[in-house]
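K.L.:
Each chain is listed here by its residues.
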Amino acid sequence: MARIEIVGLGKCFGPHVALDALHLDIADHQFITLLGPSGCGKTTTLRLLAGFMEPDSGQIAVDGAVLSSPAGSVPPERRGMGMVFQNYALWPHMSVFDNVAFGLTMQRVPAAEARRRVTDMLGIVGLEGVAGRSPSALSGGQQQRVALARSLVTEPSILLLDEPLSNLDAKLRERMRNELKDLQRRTGITFVYVTHDQSEALALSDRIAVMAGGRLQQYGPPLEIYERPANRFVADFMGAANLLDGTVEQAELGQGGAGQGGAGQGVGADAAPGRHGDMPPAAGGARQHARQHPSQRPGRHRAGQRAARRPDGVPRAGRHRGGGRVAARAGAARRRLRARRGGLAVRAARTLHRPAVTALSNRRPQ
Amino acid sequence: MSASLAAPGTATSTAMPRRGGTLAPRLALGAGVAALLLFVGYPLLWLVLGAFGLPRGFGLDGFARSFTRAANVAPLVNTVVLAVSVGLASVVVAVPLAFAVARTDVALRRVVHGLVGLAYVLPPYLTSVAYIILLGPNAGHINRALAWLGLDFGLNIFTGSGVVFVITLHVFAIPYFLTCEALQSVDGSMEESARMLGAGRWGVVRRVTLPLVAPAITGGALLAAVNSLALFGPQAILGLPAQIVYLPTRIFGAVSSYPPRYPEASAMSLALVALTVAGLAAQRLYLGRRSYVTVGGKGVRPARWRLGPWRWPVGGLLMVPVLLAAVAPVTVLTLAAFSKVWTKAPTLDNLTLAHFQAALLDNQIAVRGLVNSLELAVAAATLAVLIGLAVAYLDLRTRLRGRVMLDYLAILPLGLPGTVMAVALLQAFIHPPVVLYGTIWILLVAYVARAIPMGARSANAALRQVDASLEEAARITGASWTAALRRVLLPILRPSLLLGWLLVFIPSLSELSTTILLYSSGTETISVAIYRLNDMGQLEVVAALSVVLIGIILVALLLMQALAGRSRTAVVASAAGG
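Quick note, the sequences are listed as chains A and B, same order. Here the first sequence is numbered in the numbering used here, starting from 1 and rising by one per residue. Here the second sequence is numbered in the numbering used here, starting from 367 and rising by one per residue.
Careful: at least some of the hints might be erroneous.
Simulated restraints on C-beta separations [unchecked claim]:
hint: 1; chain 1: B; residue 1: Gly768; chain 2: A; residue 2: Gly72; range: 52 to 62 Å
hint: 2; chain 1: B; residue 1: Glu558; chain 2: A; residue 2: Ala203; range: 42 to 52 Å
hint: 3; chain 1: A; residue 1: Ala203; chain 2: B; residue 2: Gly554; range: 41 to 51 Å
Partner residues are not named here, just some residues of chain A that face chain B (Cβ under 7 Å, in silico) [to be verified]:
hint: 4; residue: Pro76
hint: 5; residue: Phe85
hint: 6; residue: Ala89
hint: 7; residue: Ser95
hint: 8; residue: Tyr219
hint: 9; residue: Pro222
One side of the interface only, derived from the structure: several residues of chain B facing chain A at Cβ under 8 Å [stated by the list, open to error]:
hint: 10; residue: Arg572
hint: 11; residue: Leu836
hint: 12; residue: Val854
Don't read these hints as lab results, they were simulated from the structure. Beta carbons are placed, not taken as given, at the ideal position from N, Cα and C, and that holds for glycine.
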């Protein structure tokens, strides 16, 4: 019922470019996630969607009607959207019932009908008994449900969720995650979900939009994002990636060079078995990435930084920096890869739902 | 699954794009800004123009006269001496008091703390009148008691040191509260580690604690000094009879002479502003440069010293300054109000209610003053809080350009002593395009202008406590900007705004230094009534009026106490809920 088209959306705060020409097409009934580290532009996108600010360029259209553009935007209250805030934003001066009923009051729904709908909605989220209480008397999980009930009772066509689970403890988070997914399936409402937690994104989404530095890095189904990261950033961000440095020594059409091909095959054999039988060999993703890399991301991360940040405990033996790396020979590279593969296999076995992703970055002698 | 959920609304698809901001917020905010420019910006402009002789001519005559005439130089010197003496004296009183209350288990510490607060809200001109009754030459209670004992020190409150004494009793509360707060927020582990390294109790105080709270002490002393500059009441009531003139009383003289010497008054006002701003800038600089005190309360709370057998003796000693500053003035004024003759002992046949009848029914100036003051204080507090709210909203909730300027404009009146504000308003509103002089409106403008910093500050603090997401949640749930304001933001802010309202109401109710230059026949206030009746020597009626004024202030204080408790719970609730 609600298809969102975001075209060339941009937003600056002073000199800081928060969002840079974002294109995103969100189909109806989808659960899509905006994923990225803090400051990547995901929250800005959500707030633009909600109408809390106006874009500097581009536009947002829902079902063909333009809601936001630099020329003007429909105020939040007329967008027919709901939103769940990170801190729940429950009104402390109203009871749980009044919080949930607020949207209906604004729509001038007759009192009797409003009462019935609020009661129904509190039942759906499992809060029958607490309607008369103050929100501050509820637990974090209960507050979360009130926030959900409040945003759903007006029957929005789109629900925006801003890191709604980040304030809950791990166990509750797991449960609410399932409930959210279930709710989305049952209602068919388009969910736009903002998070910085990859596992949350992978578990919930129909599609994930990975963002960084105000730019969209990749947009696709979780599996695709996971198995075929479009670039080094996505690979790294999607779960403690295993980035293997290799050197292209020879490039021939249809077949990887010595360093590249060897790495790809090795990792594919190590990481894939037993979990994703239907997945294409990781080497394919790696090769694709190697092909896209130079044109797509001109200012890439430096390998040294990446290695220093990596938490995987892979032995760093044989790692060269600077000029040394440029001169790395095939033999050395292969030894290095073998040494890493050991660590990788162990780790992959430990983290079952977070399979190791491999990307092979193509480093060229300069 | 309810059927209704399966059919999401479709209102969105028909909505057309329009400007994000609607008219209502712009109008409301615009009104606040316009008020600020009219009440603060426009009069200030006239103060500067007036110093150059405008609108009658243009020249530096005003400056020349105000800084070369001997009659003007003495007040300047007196004022500086007054400020420095008050600054030093208030530190001497405040710091030991603050240390004992904040860090020891001394007896009566809560009583002392509360009485310092009362001393600060008591209008200093009432304290002055009370000390005429206590320390007037010959007739004062204390002088007569001493004479009866055969001791004659010839104590006289109508002297320079008398003015310093009374003003210090009022303003020492500022360094006291700042030092108390600093002492309580010092991380106890800093002191504990000094103890572990072998420093003695006093060594820790001298080498660790005092240096840590030094910025608060210095800042408090500077604020006390700046405050003393502006206190027209004691300077006039105690200084003028002895012909000791300070800048505010000199400016008062220049404006109330015939014809009024506006250029001279304006130039002297600018000098007074320069002194004030220098003091405030020094305080800001000092606090900014060395702020060691950890705020946030994450550290260890320092343990209180156990005084043992000294708890009560030290407690008694602490009571001395607050007895002098709060208890004694209120007591003697109350006794005088109920006495037929204030110099006689309060016996049964000296008892009367006649002064209250005079103050509340018969004396036209007193009656008008009471009514006018109540009306003005209510209106000024309401307007100041609303304007403050608009300024705070612009600052915290929008990215509008120029909002920083607005912020500055809103705290500007802090640098303007009441007398200066009056000179500015006089010149701004005595001639077209806006003529308010001679009406009660000029007093309202004055009170609002003076109260805007407090209004803006309390509104800002209140708004900071409320996360913007609470309003955004209302918007996305279907509320317009005005509905979100009316149904979500204002109800949440209500307790804090009421608290801010009372903070403005109390000083507005008893305002003297601006009023004395701006009132006219028919627009007297309670402060003017007290001032003029005191001039006429009707001390008993003055005392009765004072008791009424103190009564209203006490009720407002009790309300504030209750509200402070409520607003704290509201803040906790909003923090937990959002």
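K.L.:
To test your reading of the hints: which numbers does this structure violate?
P.N.:
Numbers 1, 7, 8, 9 and 10 - these are the hints that the structure violates, sorted from lowest upward.
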